Amino acid sequence: EPEVTQTPSHQVTQMGQEVILRCVPISNHLYFYWYRQILGQKVEFLVSFYNNEISEKSEIFDDQFSVERPDGSNFTLKIRSTKLEDSAMYFCASSEADEQYFGPGTRLTVT
Amino acid sequence: GEDVEQSLFLSVREGDSSVINCTYTDSSSTYLYWYKQEPGAGLQLLTYIFSNMDMKQDQRLTVLLNKKDKHLSLRIADTQTGDSAIYFCAERTVHKLIFGTGTRLQVFP
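Taken in sequence, the protein lines are chains A and B.
In terms of the working numbering, the first sequence is residues 2 to 112.
In terms of the working numbering, the second sequence is residues 22 to 130.
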């Protein structure tokens, strides 16, 4: 069964460093998303992406964040200058229509 | 604003039915979803319902939607220990999903 994959599973970085989280969505899906879950809190929407552009973004998704689909298979989330409060589990999701399928997540720890 | 609420914990005996409840605020939601999260794992889509439906059944899972009261429930029949997890409801508005806090289901023998 096709699934969304994410790498790395765990990323540790120092405050101020740039990180790139990678996702491979399900191959025939056209809509892509990033969500995050800070420990003990709700899963929060960050951004949706369709047809090579952002279709919606939340207030969290400020200028420090960017997304890209650099080729036909990968979808990336870049955080330019990480802060301590960026520590969270980051989930990628993809959909063809109504259903959103999530990847296993990348745990980002900012020290 | 958009908000989704769930009770935090539910404990049931193996073999009994579990009912997890959820309330949401956005009347323009098009779809409502149930996801399962096991420890250390991602979000597994269990089922979803279109907002103009009242009920959807999928094997042991039954979703009930009361659109007037903005209330969604997930019933798991014959609950097993493998059903122990956190269950999230989510409403979809345009592109994004708004998640609830999650309900931790504990199944005891």
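Note that these hints are calculated values from the structure, not bench results.
Mixed in with the good hints there might be a few duds.
Unchecked claim - Here are the simulated DSSO-like pairs of lysine-lysine, each with C-alpha atoms no more than 27 Å apart in a straight line:
1. B:K91 with A:K58
2. A:K43 with B:K77
3. A:K43 with B:K91
As the list claims (entries may be wrong) - Some but not every residue of chain B turned toward chain A, in silico, with C-beta under 8 Å:
4. L64
5. L66
6. L67
7. H116
Predicted model, so just to flag it, every value in this text is computed and none were measured.
Glycine included, C-beta positions come from ideal geometry on N, C-alpha and C.
Hint check:
1. Taking the CA atoms of K91 (chain B) and K58 (chain A), the gap is about 25 Å. The hint holds against a cut of 27 Å.
2. This hinted pair checks out: K43 (chain A) and K77 (chain B) have alpha carbons roughly 25 Å apart, not beyond 27 Å.
3. This hinted pair checks out: K43 (chain A) and K91 (chain B) have alpha carbons roughly 19 Å apart, not beyond 27 Å.
4. Using the Cβ-Cβ criterion of 8 Å, the hint placing L64 (chain B) at the interface with chain A is satisfied: the shortest such distance is roughly 4 Å.
5. For L66 (chain B), the shortest C-beta to C-beta distance to chain A is roughly 6 Å, which falls under 8 Å, so the interface hint holds.
6. Hint status for L67 (chain B) relative to chain A: violated, with the closest Cβ pair at about 11 Å, above 8 Å.
7. For H116 (chain B), the interface hint holds, since its Cβ comes within 8 Å of a Cβ in chain A; the closest pair sits about 4 Å apart.
Going down the numbered hints, you'll see the structure goes against just number 6.
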